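Asker: Sequence lines, in order, name chains W and R.
Take the first sequence: its position 8, counted from the start at 1, is 8 in the working numbering, and no numbers get skipped.
Take the second sequence: its position 108, counted from the start at 1, is 108 in the working numbering, and no numbers get skipped.
Think of the hints as simulated: they come from the structure by calculation, not from any bench.
Keep in mind it's a predicted model, so treat the numbers as computed, not measured.
No residue lacks a Cβ here, since even glycine has one placed at the ideal position from N, Cα and C.
Treat each hint with caution, since some may be false.
[Unchecked claim] Straight-line Cα separation of at most 27 Å, BS3-like style, residue types lysine-lysine; simulated pairs:
id	chain 1	residue 1	chain 2	residue 2
1	R	Lys71	R	Lys197
2	W	Lys154	R	Lys68
3	W	Lys100	W	Lys145
4	W	Lys27	W	Lys93
5	W	Lys159	R	Lys184
6	W	Lys50	W	Lys100
7	W	Lys145	R	Lys239
8	W	Lys93	W	Lys159
9	W	Lys101	W	Lys27
10	W	Lys93	W	Lys47
11	W	Lys203	W	Lys47
12	R	Lys40	R	Lys89
13	R	Lys239	W	Lys101
14	W	Lys159	R	Lys68
15	W	Lys50	W	Lys203
16	R	Lys239	W	Lys154
17	W	Lys50	W	Lys236
18	W	Lys100	R	Lys239
19	W	Lys34	W	Lys236
20	W	Lys159	R	Lys239
21	W	Lys159	R	Lys197
22	W	Lys236	W	Lys27
23	W	Lys101	W	Lys47
24	R	Lys101	R	Lys89
25	W	Lys236	W	Lys257
26	R	Lys104	R	Lys40
27	W	Lys145	W	Lys209
28	R	Lys71	W	Lys159
29	W	Lys69	W	Lys50
30	W	Lys154	R	Lys244
31	W	Lys209	W	Lys50
32	W	Lys236	W	Lys47
33	R	Lys152	R	Lys239
[Stated by the list, open to error] Derived Cβ-Cβ restraints for the label pairs, each shown as a range:
id	chain 1	residue 1	chain 2	residue 2	range
34	W	Arg290	R	Ser181	46 to 52 Å
35	R	Asp191	W	Met269	52 to 58 Å
36	R	Gly194	W	Asn141	56 to 62 Å
[Said to hold, decoys possible] Partner residues aside, some chain W positions facing chain R, computed with beta carbon under 10 Å:
id	residue
37	Tyr13
38	Arg15
39	Leu17
40	Met104
So you can see what is in the structure, the chains are spelled out below.
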Amino acid sequence: MARETVRPTVTEYIRRLKNKLMFIEAKNLVFSYKEDAPPVIDGMELKIEKGTFTAIIGHNGSGKSTLAKLLCGLLIPTGGSVTVDGMPTNDEKMQYDIRKKCGMVFQNPDNQIVASVVEEDVAFAPENLGVPPAEIRHRVNSVLKAVGMEEYAKHSTYKLSGGQKQRVAIAGILAMEPECIFFDEATAMLDPAGQRDIIASMKMLNREKAMTVVAITHHMNEAVEADRVIVLNHGKIYADGTPLQVFSDVENILRAKLSVPQVTELFYMLENNGCRCGTDVLHTMEAAERIEKLFK
Amino acid sequence: MIKDITIGQFFPGDTLLHRTDPRFKIIILITFLTSVLAAKSTVAFMAVLCSTLILLVLSEINLRILLKSVKPLLFILIFTAVINLFFVKGESMLLHWHFIKIYKEGIVNAVMMVLRLVCLVVGTSVLLSYTTSPLDMTDGLERVLSPLKYIKVPVHEFSMMMTIALRFIPTLVEETDKIISAQKARGVSFDTGGLLKRVRALIPILIPLFYSAIRRAYELAEAMECRLYRGGEGRTRMKVPHVKGSDYIFLFVMLAVCVGIFLLNSYEVPFI
Numbered sequence: 001m002a003r004e005t006v007r008p009t010v011t012e013y014i015r016r017l018k019n020k021l022m023f024i025e026a027k028n029l030v031f032s033y034k035e036d037a038p039p040v041i042d043g044m045e046l047k048i049e050k051g052t053f054t055a056i057i058g059h060n061g062s063g064k065s066t067l068a069k070l071l072c073g074l075l076i077p078t079g080g081s082v083t084v085d086g087m088p089t090n091d092e093k094m095q096y097d098i099r100k101k102c103g104m105v106f107q108n109p110d111n112q113i114v115a116s117v118v119e120e121d122v123a124f125a126p127e128n129l130g131v132p133p134a135e136i137r138h139r140v141n142s143v144l145k146a147v148g149m150e151e152y153a154k155h156s157t158y159k160l161s162g163g164q165k166q167r168v169a170i171a172g173i174l175a176m177e178p179e180c181i182f183f184d185e186a187t188a189m190l191d192p193a194g195q196r197d198i199i200a201s202m203k204m205l206n207r208e209k210a211m212t213v214v215a216i217t218h219h220m221n222e223a224v225e226a227d228r229v230i231v232l233n234h235g236k237i238y239a240d241g242t243p244l245q246v247f248s249d250v251e252n253i254l255r256a257k258l259s260v261p262q263v264t265e266l267f268y269m270l271e272n273n274g275c276r277c278g279t280d281v282l283h284t285m286e287a288a289e290r291i292e293k294l295f296k
Numbered sequence: 001m002i003k004d005i006t007i008g009q010f011f012p013g014d015t016l017l018h019r020t021d022p023r024f025k026i027i028i029l030i031t032f033l034t035s036v037l038a039a040k041s042t043v044a045f046m047a048v049l050c051s052t053l054i055l056l057v058l059s060e061i062n063l064r065i066l067l068k069s070v071k072p073l074l075f076i077l078i079f080t081a082v083i084n085l086f087f088v089k090g091e092s093m094l095l096h097w098h099f100i101k102i103y104k105e106g107i108v109n110a111v112m113m114v115l116r117l118v119c120l121v122v123g124t125s126v127l128l129s130y131t132t133s134p135l136d137m138t139d140g141l142e143r144v145l146s147p148l149k150y151i152k153v154p155v156h157e158f159s160m161m162m163t164i165a166l167r168f169i170p171t172l173v174e175e176t177d178k179i180i181s182a183q184k185a186r187g188v189s190f191d192t193g194g195l196l197k198r199v200r201a202l203i204p205i206l207i208p209l210f211y212s213a214i215r216r217a218y219e220l221a222e223a224m225e226c227r228l229y230r231g232g233e234g235r236t237r238m239k240v241p242h243v244k245g246s247d248y249i250f251l252f253v254m255l256a257v258c259v260g261i262f263l264l265n266s267y268e269v270p271f272i
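If we strip away everything but chain W, and leave its shape as in the complex, we get (with noise of 0.2 Å):
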């Protein structure tokens, strides 16, 4: 009897206090980029806390970089709102400060590099705040520290390798000091080495800066990284979870023209032919365990 008359007030202390940590909030979102097109995103509710590592995925034209680009205020919605940290993205007069807190890593390493020298690219997000010099030359040391390129702080930026060109545009986000960063698939243009380093500096920034990250991409293996996923089609939400419960409902992930890691794909089919493990396993080091214990 006693639980009964707690839990609602329990409830209600999350539901207050996840509002305190919400960061960013989409309220029934439309967007779309034509009047008379079919719009792109449909009607979507979103909440994003702050702190939170969160991987958007979909199949080509599923709208997910439309939804970065509204979540962030560099789109404007057509129809509902968005509302970063309490500021509405339609309202021009918070633009400005909307994109002080989030910043956004873009996919081709070569369209979002101003400069022709790394700490000169870096410093120019704090030189467009007005920031006094010393205090940026301070933060772009620090920043390329953060990423590993403090070596290459002298070096002309279109010799860098794909990743490495990739992590001085994150150091030059964080130059800025937002409190969000987007990643707009931007592992998509580089090598499996590359890959690693740009998740690694995802999985730090979240974890050691307790920065918001969201992370939009096509590859799993970056997704599972995430403590939340959320999956896209027709530009509307169509799965919502940690990666383990999107995940290892592989069916439902195969509806949406997307694939699952590969060592749960392992385990779908091993599943599929009569052998009961569950399809519950992300990372490969973990599936080596399972086969393991399956075999004694």
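With chain W fixed as given, assemble chain R onto it according to the hints.
Answerer: What follows is chain R alone, placed relative to chain W:
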């Protein structure tokens, strides 16, 4: 072939030329170019050659790189030399064969014109483009030209455009090479046929190049907006220019050279 163009390339280093304040370098360059164009007598001309060589040594730029930057000018150099050789008339004729008459003055003129052009190119490359990072350079230009703001010249926008143009030169050059290879693989031939056919063969290069440049521009604009760019107002710079003693000395020396060359011009009977 396209990769040989090095105009607008910066070679990082730590020499006197690298350290000099870009604003001073721009003024020094203007002084230097004035002296190159003003030198008329042999003595003055020798002085110009010497100062070019000194600049070259100071910059510690690899000679091979420098030669590459002169290579695209080869046609202009040869053209100038030939015109001067055959069309300058003087007093002492050296060769007369049918209608070709070569005079001593023609040879002197041809050599001087070629060297003058080479000095202009080498001086500009060594003083500015090779030893000044593009951001420094445009920053210097912005500061040198900043008085023009008061007559509504968009100085900051201009320098931003320069920065971006310089940043994208290697990227677009690489892209052009890729497109050329791709079109070659599809059987487009760039070096056969008449002039018209060759010019036409460039269309399949230019259209994809323009298309991708425009797309790049669009994405870059988005990335810049994302990094809080909103024009020159309220902007600070990481690198604050410190005017050093060496800057003043360098400028003073160059001014002295310039004045010296004007004086040397009147010491000797000019050739021209």
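Asker: The structure should be examined with respect to each hint, and the outcome stated for every one.
Answerer: Here is how each hint holds up against the structure:
At roughly 26 Å between alpha-carbon atoms, Lys71 of chain R and Lys197 of chain R fall within 27 Å of each other, so this suggested pair holds. Between Lys154 of chain W and Lys68 of chain R the CA atoms are separated by roughly 24 Å; this keeps the pair inside 27 Å, and the hint holds. Between Lys100 of chain W and Lys145 of chain W the CA atoms are separated by roughly 21 Å; this keeps the pair inside 27 Å, and the hint holds. A C-alpha spacing of about 20 Å is found between Lys27 of chain W and Lys93 of chain W, which places the hinted pair at or below 27 Å, so the restraint holds.
For the hint pairing Lys159 of chain W with Lys184 of chain R, the CA-to-CA distance comes to about 26 Å; that is within 27 Å, so the pair holds. For the hint pairing Lys50 of chain W with Lys100 of chain W, the CA-to-CA distance comes to about 15 Å; that is within 27 Å, so the pair holds. Between Lys145 of chain W and Lys239 of chain R the CA atoms are separated by roughly 19 Å; this keeps the pair inside 27 Å, and the hint holds. Proximity of Lys93 of chain W to Lys159 of chain W is assessed by CA-CA distance (about 39 Å); at most 27 Å being required, the pair is judged violated.
Taken as a hint, the Lys101 of chain W and Lys27 of chain W pair is honoured in the structure, with Cα atoms around 20 Å apart against an allowance of 27 Å. Taking the CA atoms of Lys93 of chain W and Lys47 of chain W, the gap is about 23 Å. The hint holds against a cut of 27 Å. For the hint linking Lys203 of chain W to Lys47 of chain W, the alpha-carbon distance of about 20 Å falls within 27 Å, and the restraint holds. The hinted pair formed by Lys40 of chain R and Lys89 of chain R meets the criterion: a straight-line CA distance of about 18 Å does not exceed 27 Å.
Note on Lys239 of chain R and Lys101 of chain W: the hinted pairing holds, with a Cα-Cα distance of about 25 Å set against a maximum of 27 Å. For the suggested pair Lys159 of chain W and Lys68 of chain R, the alpha carbons sit about 19 Å apart, so the restraint of at most 27 Å is met. Simply put, Lys50 of chain W and Lys203 of chain W have alpha-carbon atoms about 15 Å apart, close enough for the 27 Å limit, and the pair holds. Between Lys239 of chain R and Lys154 of chain W the CA atoms are separated by roughly 13 Å; this keeps the pair inside 27 Å, and the hint holds.
The hinted pair formed by Lys50 of chain W and Lys236 of chain W meets the criterion: a straight-line CA distance of about 23 Å does not exceed 27 Å. Simply put, Lys100 of chain W and Lys239 of chain R have alpha-carbon atoms about 22 Å apart, close enough for the 27 Å limit, and the pair holds. Restraint check for Lys34 of chain W and Lys236 of chain W: the C-alpha separation of about 18 Å stays at or below 27 Å, so the hint holds. Restraint check for Lys159 of chain W and Lys239 of chain R: satisfied, since their Cα atoms lie roughly 23 Å apart, inside the 27 Å limit.
This hinted pair does not check out: Lys159 of chain W and Lys197 of chain R have alpha carbons roughly 36 Å apart, beyond 27 Å. At most 27 Å may separate the alpha-carbon atoms for a hinted pair to count; Lys236 of chain W and Lys27 of chain W meet this at roughly 13 Å. About 16 Å separates the Cα atoms of Lys101 of chain W and Lys47 of chain W, which keeps this hinted pair within 27 Å; it holds. With a C-alpha separation of about 8 Å, the suggested pairing of Lys101 of chain R with Lys89 of chain R holds against the 27 Å cut-off.
Restraint check for Lys236 of chain W and Lys257 of chain W: the C-alpha separation of about 14 Å stays at or below 27 Å, so the hint holds. Distance check on the hinted pair: Lys104 of chain R and Lys40 of chain R sit about 16 Å apart at the alpha-carbon level, within 27 Å; holds. Of the supplied pair hints, the one linking Lys145 of chain W and Lys209 of chain W holds, its CA atoms being roughly 13 Å apart against a limit of 27 Å. For the proposed pair Lys71 of chain R and Lys159 of chain W, the alpha carbon gap of about 23 Å is at most 27 Å, so the pair holds.
Proximity of Lys69 of chain W to Lys50 of chain W is assessed by CA-CA distance (about 18 Å); at most 27 Å being required, the pair is judged to hold. With a C-alpha separation of about 21 Å, the suggested pair Lys154 of chain W and Lys244 of chain R falls inside the 27 Å cut-off, and the hint holds. Between Lys209 of chain W and Lys50 of chain W the alpha-carbon distance is near 12 Å, which keeps this suggested pair within the 27 Å criterion. Restraint check for Lys236 of chain W and Lys47 of chain W: satisfied, since their Cα atoms lie roughly 14 Å apart, inside the 27 Å limit.
Our distance criterion of 27 Å between C-alpha atoms is met by Lys152 of chain R and Lys239 of chain R, whose separation comes to about 26 Å. For the hinted restraint 46 to 52 Å between Arg290 of chain W and Ser181 of chain R, the CB-CB distance of approximately 48 Å keeps it satisfied. Between Asp191 of chain R and Met269 of chain W the C-beta distance comes to about 55 Å, which sits within the given range of 52 to 58 Å. One distance hint, 56 to 62 Å for the beta-carbon pair Gly194 of chain R and Asn141 of chain W, holds here, with the actual separation near 59 Å.
For Tyr13 of chain W, the interface hint is violated, since its Cβ never comes within 10 Å of a Cβ in chain R; the closest pair sits about 37 Å apart. With its C-beta approaching chain R no nearer than about 32 Å, Arg15 of chain W sits outside the 10 Å limit, and its interface hint is violated. Hint status for Leu17 of chain W relative to chain R: violated, with the closest Cβ pair at about 31 Å, above 10 Å. Below 10 Å, beta-carbon pairs count as interface contacts, and Met104 of chain W has one with chain R at about 5 Å; its hint therefore holds.
Violated hints for the displayed structure, listed by number in ascending order: 8, 21, 37, 38, 39.
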